Amino acid sequence: MIRSKLILAVVLLSGLLGSCKKDKSANSNTTGSTTYNPDPVEVTGCAIQTGISKVVCLSDAFKATLTSSQVATLQTAYSSANAKKWSNLPQALVQSSNKRVGLNFGSMTTTQIQYAKALIKAVAGAGADEGWDEQQQLLNADEYLGANGGSSEYGAANYYIALLGTPATTGTFEIMFGGHHDAFANTYKDGVLVGATPSFRGVEPFGTFTWNSKSNQPLQAEQAAFSAMLNGLTTAQLATAKLNATFSDILVGPQKDAAFPSTPSGIACSSLSASQKALVMAAIATYVGDVADAAPITAKYSNELDNTYISYSGTTGLVTQNDYVRIDGPSVWIEYNCQHGVILSGNHPHSVWRDKKTDYGSN
Amino acid sequence: MRNYCFLIAFLLFAGDLAAHPMPGSVVKLSVLNREIRGVAFMPKIELENAIGRPVGNLNTPFFTRYFTSHIRAISGGKPWKTTIDKILVATTQDSTVGSYDEVEVHFLMMPPDSDNLRNFTFDYDVIIHQVVTHSAIVFVEQDWKNGVRDDLTTRPLGVIKLDVPTGKIFPLEVRLGEGSSWKGFMSMVSLGMEHIREGTDHLLFLLTLLLPATLLVKRKRWAGFWGVSHSLRHIVKIVTAFTIGHSITLIIGSTGIVHFPVKPIEILIAVSILVSAAHAFRPLFPGKELFIAAGFGLIHGMAFAESLVSLDLDAGSLALSILGFNLGIELMQLLIIVITIPWLIILSRNRTYKEVRVGGAIFAGIAAVAWIIERVSGSPNSISSALQAISGSAYGLLFFLAILALLSYFKKNSPEAD
Numbered sequence: 001m002i003r004s005k006l007i008l009a010v011v012l013l014s015g016l017l018g019s020c021k022k023d024k025s026a027n028s029n030t031t032g033s034t035t036y037n038p039d040p041v042e043v044t045g046c047a048i049q050t051g052i053s054k055v056v057c058l059s060d061a062f063k064a065t066l067t068s069s070q071v072a073t074l075q076t077a078y079s080s081a082n083a084k085k086w087s088n089l090p091q092a093l094v095q096s097s098n099k100r101v102g103l104n105f106g107s108m109t110t111t112q113i114q115y116a117k118a119l120i121k122a123v124a125g126a127g128a129d130e131g132w133d134e135q136q137q138l139l140n141a142d143e144y145l146g147a148n149g150g151s152s153e154y155g156a157a158n159y160y161i162a163l164l165g166t167p168a169t170t171g172t173f174e175i176m177f178g179g180h181h182d183a184f185a186n187t188y189k190d191g192v193l194v195g196a197t198p199s200f201r202g203v204e205p206f207g208t209f210t211w212n213s214k215s216n217q218p219l220q221a222e223q224a225a226f227s228a229m230l231n232g233l234t235t236a237q238l239a240t241a242k243l244n245a246t247f248s249d250i251l252v253g254p255q256k257d258a259a260f261p262s263t264p265s266g267i268a269c270s271s272l273s274a275s276q277k278a279l280v281m282a283a284i285a286t287y288v289g290d291v292a293d294a295a296p297i298t299a300k301y302s303n304e305l306d307n308t309y310i311s312y313s314g315t316t317g318l319v320t321q322n323d324y325v326r327i328d329g330p331s332v333w334i335e336y337n338c339q340h341g342v343i344l345s346g347n348h349p350h351s352v353w354r355d356k357k358t359d360y361g362s363n
Numbered sequence: 001m002r003n004y005c006f007l008i009a010f011l012l013f014a015g016d017l018a019a020h021p022m023p024g025s026v027v028k029l030s031v032l033n034r035e036i037r038g039v040a041f042m043p044k045i046e047l048e049n050a051i052g053r054p055v056g057n058l059n060t061p062f063f064t065r066y067f068t069s070h071i072r073a074i075s076g077g078k079p080w081k082t083t084i085d086k087i088l089v090a091t092t093q094d095s096t097v098g099s100y101d102e103v104e105v106h107f108l109m110m111p112p113d114s115d116n117l118r119n120f121t122f123d124y125d126v127i128i129h130q131v132v133t134h135s136a137i138v139f140v141e142q143d144w145k146n147g148v149r150d151d152l153t154t155r156p157l158g159v160i161k162l163d164v165p166t167g168k169i170f171p172l173e174v175r176l177g178e179g180s181s182w183k184g185f186m187s188m189v190s191l192g193m194e195h196i197r198e199g200t201d202h203l204l205f206l207l208t209l210l211l212p213a214t215l216l217v218k219r220k221r222w223a224g225f226w227g228v229s230h231s232l233r234h235i236v237k238i239v240t241a242f243t244i245g246h247s248i249t250l251i252i253g254s255t256g257i258v259h260f261p262v263k264p265i266e267i268l269i270a271v272s273i274l275v276s277a278a279h280a281f282r283p284l285f286p287g288k289e290l291f292i293a294a295g296f297g298l299i300h301g302m303a304f305a306e307s308l309v310s311l312d313l314d315a316g317s318l319a320l321s322i323l324g325f326n327l328g329i330e331l332m333q334l335l336i337i338v339i340t341i342p343w344l345i346i347l348s349r350n351r352t353y354k355e356v357r358v359g360g361a362i363f364a365g366i367a368a369v370a371w372i373i374e375r376v377s378g379s380p381n382s383i384s385s386a387l388q389a390i391s392g393s394a395y396g397l398l399f400f401l402a403i404l405a406l407l408s409y410f411k412k413n414s415p416e417a418d
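Protein chains in written order, with full-length UniProt numbering: chain A, 1 to 363; chain B, 1 to 418.
Since the hints were made in silico from the structure, they are not lab data.
Owing to the predicted nature of the structure, the values given are computational and were not obtained by experimental measurement.
No residue lacks a Cβ here, since even glycine has one placed at the ideal position from N, Cα and C.
Possibly wrong hints are sitting among the right ones.
[To be verified] To spell it out: a stretch of chain B is covered by chain A in this simulated footprint if at least three of its residues, at any positions, have a beta carbon under 8 Å from a beta carbon of chain A; those stretches are:
| hint | stretch |
| --- | --- |
| 1 | 41-55 |
| 2 | 129-142 |
| 3 | 164-174 |
[Stated by the list, open to error] With the Cβ distance kept under 8 Å, some of the chain B side facing chain A (calculated, not the full set):
| hint | residue |
| --- | --- |
| 4 | MET22 |
| 5 | SER95 |
| 6 | THR96 |
Could you build all of it, start to finish, from the sequences and the hints given here?
If you want it as structure tokens, here you go:
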């Protein structure tokens, strides 16, 4: 009773604040939506900015909506110890010493969340079902889980945003965002994106679902791209790419930093045809494309492609339990695994994109 | 079977386990006289992932061979002999994945040379040999010479998992440390003390028996104070008789010569409280308290023996354990008597002691009946649950007794007379 009144008050108040700020709310969907999962605002004051200036402008605009104690929780000095506190689990299930830092949506007003999302949207990729769209769909998926058997530990209220270091055109800072099945980590140094990983993506439910008046299908593009990559191999190539081990999860999940196989397994991309290589790059693009500044990273992975290996376990469909695929290069590490559901029946994927050289911006 | 050990496991190693869709395996080892006994707990689904098919019936030669070949110990270059005792499946709970089926494998590992029991290479790779994302956390659950007697007094030895850079699963080097008989003995003393401190029923029996120990009997009723020296002598005799009684059955029971059935003993203990409560109310067996104390001592000793039987020790360690355990029991009893009896003596010189004695007898009587019902029916009732809840506040009761005694001492009323 009190809770619903509180939510009503927050909605009314935020509506009031929103109108004062004269920022246009993007088409706000209310069906199946909650106060903690609104669409981002168009921050008009930052519209003319580009690149790092825009990131700083949006960070400042977001902080301007917060109380001083919220700012203190959101933004702390850069620390690699805090950067390593990410997880695929809902916050409630994360072991205490690894709990995410920062502000959770559940402690923010709708307007504050809209500004937080505006920042993440700007640093995330712009493609359909990738980048920001994928982030919003992952939030929708967790809202869906919360409403379909998951407890209050699930849902957008349990997602965290943190600024490690002060966003500025000089110095080091990281924009951290994450919650159940999601970790987004952009590290900047002197105005340049120096690390976009570790980046975790998972989703349950793994079928198309409707939420927020929108059809959601996060990670289906990833699964399709991996599957196309494997199915593009010849029988002999597939045999070389096949791993004997079984994977019931990914290998280098949270807190398993800097522990990659010293010898790559599978088939070297140097032995692949141009069209097969293009399929590998297409699969990589479903992860690298999740950040706005993808071009330099794509170029690096493309240059290193001949020394990159692909491997798999299970079936090439990548929807069956224990199906597993890996892209392992001098820098790039992407692994994807299909496991049985926890809240819902059916399988769902876990995947991680790491960069062996620039995880946490090499910090 | 899931208990604190798993909590500790998660606190210490959640970094390893939390990322997993299913909890890792947990292996608990017990160092016995000539062999290591172990239990391995693993999610059934991960075992199925490892063998590539549903497990079906686990009690087949296939699984005996599977577990024997993946649970190995080696010392001095020589392999130990692993035998699989039994394999069970149970449903269990986990905070991350909720309810799931868990396979329990009970095994024994015997070295060719039993002197080498404490230092060995534990080459365990059940599931992990195939499912490289799985891991196993290894605990020592029992190691007498190091004072480890349950998984609350232990820390994990380590985690067995794939070392990603090398792609290898390194076995666990187990170095238990020599320990000593002294450590084992002292651990048993503290176990004995714990047993009395936490064994509300033993404690209540003893206190109820002592409730009228300071009083004279007149016309088959409790009458006035017997005098300090007489009372003390009587109390010492009762306690000694109880000690002799429970020592006899403790020795017989813990050697394993005779196995006492648990349930009837537990019921008899509750009956013993009821009998001494009735005696505290009206003298049923005046002058024969010694025999009652010794007789019921025999019963209580049978229950004490249960704690030692499960340790499965060699003769020398067992003898030290019985001695240590009994010493712990005596120390705790003595402590309780020392902090209770002075107040009872002071109180019993006073007329108001009647209320204390009768009140105590009624309380003990109700408790005894509740326990009898609980132990016969096998399910707790509201009174026994309430007793469980207030058993921690025994110190409060003692404080209350002390206040009462001091009040009565300063009021200087005439002695109790019925």
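Quick rundown of the hints versus the structure:
no.	hint	in the structure
1	41-55	holds (count 5)
2	129-142	holds (count 5)
3	164-174	holds (count 4)
4	MET22	holds (7 Å)
5	SER95	holds (6 Å)
6	THR96	holds (5 Å)
Checked against the numbered hints given earlier, the structure satisfies every one of them.
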